[in-house]
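Peer 1: Sequence:
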Amino acid sequence: MSHYSSLNPQQIEAVTAENGPVLVLAGPGSGKTRVLTHRVAYLIGEKHVQPYQILTVTFTNKAAREIEKRVRGLVETDLSGMMMGTFHSVCARILRREADYLPVSSNFVIFDTDDQERVVKLCMADLNLDPKIYRPGGILNSISGLKNDMRQPDDLQSKSPRDKAVQRVFQRYQETLVKNNAVDFDDLLIYTARLLEENQLVREKYAHRFQHILVDEFQDTNVPQYRLLRQLASIHGNIFVVGDEDQSIYRWRGADYHNVERFQQDYSGTTKILLEQNYRSTQFVLDVARAVIDRNLHRTRKALFTERGDGERVHLFVGRDDRQEAEFICRTAIKLRDTKRVPAGEIAIMYRTNAQSRQLEEQFIKLKEKYRLVGALRFYGRREVKDVISYLRLVHNPADSISLERVINVPQRKIGDKTVADLLGYAASIDQPAGSILLSLADGETSPHWQFMPRAAVTRLADFGSRLREWVSVKNEMKAVDLLSKILEEIHFQDYCQDESEEGLDRWENVEEVLRLAAEYEEPGLDAFLENLALVGDQDTLPESPDAVTLLTLHAAKGLEFGAVFIYGLDEKVLPHSRALDDPEELEEERRLFYVGITRAKDLLYLTRAESRLGYGGVDYTDPSRFLADIPANLLQPEKATFPTAYSDNKQRSWGSPTWREQQDEMLWTSTPAKSAPPPPPPEPYPVNTRVRHLTYGDGWVEQCGVDGSDATVTVVFDDGTKKKFLASIAPLTIIPRKTG
DNA sequence: AGGACGGTAGTTTTT
DNA sequence: CTACCGTCCT
1 MSHYSSLNPQ QIEAVTAENG PVLVLAGPGS GKTRVLTHRV AYLIGEKHVQ
51 PYQILTVTFT NKAAREIEKR VRGLVETDLS GMMMGTFHSV CARILRREAD
101 YLPVSSNFVI FDTDDQERVV KLCMADLNLD PKIYRPGGIL NSISGLKNDM
151 RQPDDLQSKS PRDKAVQRVF QRYQETLVKN NAVDFDDLLI YTARLLEENQ
201 LVREKYAHRF QHILVDEFQD TNVPQYRLLR QLASIHGNIF VVGDEDQSIY
251 RWRGADYHNV ERFQQDYSGT TKILLEQNYR STQFVLDVAR AVIDRNLHRT
301 RKALFTERGD GERVHLFVGR DDRQEAEFIC RTAIKLRDTK RVPAGEIAIM
351 YRTNAQSRQL EEQFIKLKEK YRLVGALRFY GRREVKDVIS YLRLVHNPAD
401 SISLERVINV PQRKIGDKTV ADLLGYAASI DQPAGSILLS LADGETSPHW
451 QFMPRAAVTR LADFGSRLRE WVSVKNEMKA VDLLSKILEE IHFQDYCQDE
501 SEEGLDRWEN VEEVLRLAAE YEEPGLDAFL ENLALVGDQD TLPESPDAVT
551 LLTLHAAKGL EFGAVFIYGL DEKVLPHSRA LDDPEELEEE RRLFYVGITR
601 AKDLLYLTRA ESRLGYGGVD YTDPSRFLAD IPANLLQPEK ATFPTAYSDN
651 KQRSWGSPTW REQQDEMLWT STPAKSAPPP PPPEPYPVNT RVRHLTYGDG
701 WVEQCGVDGS DATVTVVFDD GTKKKFLASI APLTIIPRKT G
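With the working numbering, the residue at position 501 of the first sequence is 501, and numbering never jumps.
Keeping only pairs whose Cα atoms sit at most 16 Å apart, straight-line, the calculated EDC-like set for lysine to aspartate or glutamate is:
no.: 1; residue 1: K121; residue 2: E405
no.: 2; residue 1: K121; residue 2: E175
no.: 3; residue 1: K164; residue 2: D154
no.: 4; residue 1: K370; residue 2: E544
no.: 5; residue 1: K479; residue 2: D527
no.: 6; residue 1: K272; residue 2: E18
no.: 7; residue 1: K370; residue 2: D338
no.: 8; residue 1: K479; residue 2: E531
no.: 9; residue 1: K47; residue 2: E76
no.: 10; residue 1: K640; residue 2: D321
no.: 11; residue 1: K573; residue 2: D321
no.: 12; residue 1: K179; residue 2: D431
no.: 13; residue 1: K573; residue 2: D620
Rather than coming from a laboratory, the hints here were simulated on the basis of the structure.
In this text, all values refer to a predicted model and were calculated from it rather than measured experimentally.
Could you build the full structure based on these sequences and the hints that come with them?
Peer 2: The structure is reproduced here in structure tokens:
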């Protein structure tokens, strides 16, 4: 077929692999999406598989859409029967259909993290657990951790007081969700996995239907995902997974790249294909990437290569402080745009934590340049947005007391905390959802619940109850937009948003955006709209902007590519992050994160760090990231700040003379040359046969130390026999004083 | 019911 | 140093 001519031999092998388990290990930029989409097209076009017999699973909606779009471009066939979506959306679809077997009914709502935390707080209050001793967020994390491993509350190994608390909250949390006819994100996967494992009828139904299962980003699967795939593949065994262990960066969410190894054990006769040709980056970028990632164990080594040529060396800049570092980045980015004609939209600045974006933003603002910030404030996280969505959710599912609590007094209708607490308490005592009681109160004094609290309070509740009843009665006849407009109007939400503050306008505009989103749903009813709100994050809402530089976290960068990439903050405790330092597994993940960042670059890559950074309190003096020490010096190009320093150099170091190392750094990489001093002779920092200690490799002897170009390099033979070459100025080496006899 | 205050924590966040 | 949360006070 003609479009296979554009594929390389390994890609063709993957696309046309025989039935059975196939594992494609795809390096960054090796065309894994192409392989996946061509495989689908091949199955339909050549193997005459019906679209409805194919299941394609991804992690993000964006990826799902991309794959669908590209498959449509490859085949003529109508794809409407094909199941294609994220793990969560596929599970939701299955669960709604099979709700008879579940503790919730098919119109269950999906609780997001916000809701989850509210539930945890509620449960903790009920159990008399002090939120100051156990932070609700932390407890929720523990619960989610257990759920990700498909554990039950009583599965907790140790019985520390905290674990006991987690157990009790977990138990109650789960009961609360069921009472609210709600599931959380984890439940979508867990319920599905269990259902398929325990119910032969359901398992066979789906396992029979899906003759081919294709999975993207397989290294990011967690226990329930792995297990449910296993069940779905239990009849035909045609499971085609694509992934890359080196790009697994969601361990903390339960993802376990060991599933890649597990796959090969569990599915005998797996065809394994490595995609090593990279179509994205230049060789220098790939070499740096490889130098960094090859230090990780438990992975399939890949030898990435490119036919794009060497390209430029990877640039390395060391700022005096993080401000200068940020300034260097912004000015260089602008320079690339103006003199090297790299479009701003092809430039990205990546960092470990969101907080780091501020420094960069300040510089952009100072230079009056636009930038695009990815992911900081989430649209769906806005209070007013959550409020209006909660209204819809309550109407859709009056048993959802979390939403009810959220909106019952927003805007204020004189239903105070006391009244709400009484209502919820009363509801719990007769084991009914608070929503049902509200609806019943709409009947006035004939309601059996009328007497349960003081007249004034009950009247106001009844007021709200009759509103709610009205909305519930029309919800299936009206389109989502119309219902939402009706609600907003009746509760005067616009007035509520637009107090005279500036944010007031913003708030209302956000609400209008929700209305626009709702308008896309033509069918009457709320189901489709709410499902989408729950399962479609705003990751894909981020607008393209070709004329602005993109600022984003390394996590958010996964899957993207840019002509020029800056990685900001290559210091210990930043990347790797301080929280990861004491755990080797976490450190490996930090390394992968760095690797993901590096491999986003097509042509230009800048790594930057600073000798000091603003910490929580004052100034922190930094150590260079250990990852830098793993990059051979000949791949790097030290950079000086070529712009006039924008701030005065008033930070004299008053304590003692700088170490040779500081002099070295000054000389090589900082913008301020040593003041009017004659250029110091090239220091020989590590004389041959010096005993040295490396931060990660231990002790050894200096074998060679030379200055090539502007770089001092040092070669060390370690006691275990390994020989390493470092960039002298940044290698975490210290000289071990010789014992004088 | 809203504002002022104090305490405390402060990664990453596909769904 | 902030930013956010919870509490208390008005």
